Structure formats: C-alpha cells, structure tokens
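Novice: Counted the way our numbering counts, the first sequence spans residues 1 to 175.
A few of these clues could be false.
[Stated by the list, open to error] Label-pair distances were calculated between CB atoms; the ranges are:
no., residue 1, residue 2, range
1, Ile173, Lys151, 15 to 23 angstroms
2, Ala144, Arg62, 30 to 38 angstroms
3, Met1, Ala144, 34 to 42 angstroms
4, Lys6, Tyr79, 26 to 34 angstroms
5, Lys151, Tyr76, 19 to 27 angstroms
6, Lys114, Gly47, 41 to 49 angstroms
7, Thr131, Tyr157, 16 to 24 angstroms
8, Lys149, Ser108, 28 to 36 angstroms
9, Ile16, Ile173, 16 to 24 angstroms
10, Ser108, Ile30, 18 to 26 angstroms
[As the list claims (entries may be wrong)] Derived lysine-lysine pairs resembling PhoX-like cross-links, with alpha carbons at most 25 angstroms apart:
no., residue 1, residue 2
11, Lys29, Lys151
12, Lys107, Lys33
13, Lys92, Lys33
14, Lys141, Lys151
15, Lys33, Lys120
16, Lys151, Lys33
17, Lys141, Lys51
For the record, the hints were derived by calculation from the structure and aren't laboratory data.
Computed from a predicted structure; not experimentally measured.
Beta carbons are placed, not taken as given, at the ideal position from N, Cα and C, and that holds for glycine.
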Amino acid sequence: MRKILKPDFFNHPTLIVAQNLLGKFLVRKIGNKEIASMITEVEAYDGFNDKASHASRGRTLRNEVMFGEAGRWYVYLIYGMYWMLNIVTGPKDYPAAILIRGVADAKSPGKLTKYFQINKSLNGKIASKTTGLWIEDRGVKVEAKNILKTKRIGVYYAGPYWSRRRYRFLIEIPQ
DNA sequence: ACGATGATGAAC
DNA sequence: TTCATCATCGTA
Numbered sequence: 001m002r003k004i005l006k007p008d009f010f011n012h013p014t015l016i017v018a019q020n021l022l023g024k025f026l027v028r029k030i031g032n033k034e035i036a037s038m039i040t041e042v043e044a045y046d047g048f049n050d051k052a053s054h055a056s057r058g059r060t061l062r063n064e065v066m067f068g069e070a071g072r073w074y075v076y077l078i079y080g081m082y083w084m085l086n087i088v089t090g091p092k093d094y095p096a097a098i099l100i101r102g103v104a105d106a107k108s109p110g111k112l113t114k115y116f117q118i119n120k121s122l123n124g125k126i127a128s129k130t131t132g133l134w135i136e137d138r139g140v141k142v143e144a145k146n147i148l149k150t151k152r153i154g155v156y157y158a159g160p161y162w163s164r165r166r167y168r169f170l171i172e173i174p175q
C-alpha cells in the first residue's frame with residue numbers, strides 16, 4: 001500500500017495529526033532517485049498562544065507559511081546551519097505546524113534535512129509528488145499505546161507552562 | 001560544556 | 001543599523 005497524503009490529512013487538530021504522522025513515510029525525489037524513510041519522531045507547535053512557536057509573536061515574513069493552508073512545508077534555518085522541516089496543519093489563518101524531528105534513517109531534525117537534501121527552496125510548497133517532497137501511508141499501523149509523549153526539545157525559553165507540554169511524540173523502532 | 005554559523009526580528 | 005537570539009549537532 002502506497003497512498004500519498006493530501007492536504008486534507010493535515011487539516012485537523014495539530015496534536016492529532018502529529019501522532020497520525022508516526023509510521024508514515026517521508027519521501028524525496030531528486031532527479032530519478034527516490035529516498036524514503038519512516039517518520040519516528042515529531043513535535044507539535046500549535047496556535048497563537050504557544051510560546052514555543054514562532055507564531056506566538058505574530059505573523060512575520062519567516063513564519064507566514066504557518067498561517068497558511070494545511071499541507072505545505074515550513075522550512076527555516078536554525079543556528080546558521082541546520083534546516084528544520086515542518087508541515088503546516090489546521091485551518092487557514094490558524095498558525096500551526098509539526099516539526100519532523102526524526103525518521104528511521106536519520107534521527108534528528110538537522111540530520112534528516114541533510115539526508116533528504118531539504119532547504120529553503122521547499123518553503124511554502126505543497127507536500128506532493130510535483131514538489132519532490134511528500135508523505136506516504138505505506139500501511140504501517142502505530143498503536144496509541146506505542147506512542148511516547150514527552151516535552152519538546154530546546155524550548156526552555158517558552159517558560160514553564162509551554163516548555164513542559166508533552167507535544168513531542170515518538171515511536172521506538174527495532175534496530 | 002561549548003563553539004560553529006547566519007538569518008531573523010526587535011530595539012535603537 | 002546593530003545586536004541578541006535561536007524548534008541543533010559534533011566534539012570534548
């Protein structure tokens with residue numbers, strides 16, 4: 001089974017979509033080569049009030065994709081070196097996105113973008129075959145009891161309430 | 001524990 | 001125009 005996820009998949013509450021993404025496959029096409037790896041770790045950034053989210057300080061040039069329609073990529077540079085890959089969720093004008101933090105073959109957000117050759121050029125593009133980066137359902141079922149929930153990484157600046165929310169979701173993968 | 005490294009946004 | 005900050009990572 002190979003089903004490409006359409007924008008509608010992402011137009012739902014961010015915390016739900018985040019968990020639904022575990023076990024799905026991130027797929028990249030470069031030239032005639034296709035690479036794919038299962039998503040194993042994500043983080044939700046949800047709404048105007050989330051102090052850990054770029055959107056908490058309002059709409060800017062960088063974060064405006066987060067305010068757009070679900071199913072688009074939000075890609076930005078962090079620490080001058082690493083591209084972060086997010087997928088926009090929820091309705092238009094509601095800022096939310098899911099950071100893809102890990103796949104089976106690349107276990108951290110900066111490493112996976114390097115592995116998939118992802119940079120600013122994908123920012124704002126729709127996750128689809130035509131843009132060369134998309135997500136597929138390949139029939140892997142993830143049980144709710146197998147999803148680990150922890151606080152998000154690297155967001156202490158967001159204060160005790162928002163930094164402690166368990167918006168990070170991951171699954172264990174057999175080696 | 002820390003430095004690399006540069007875009008971003010807010011202050012001036 | 002300047003400046004602190006930052007959804008990280010590899011080396012120590």
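Novice: Identify every previously stated hint that the structure contradicts and give their numbers, smallest first.
Specialist: Result: hints 3, 6, 7, 8, 11, 13, 16 and 17 break, sorted rising.
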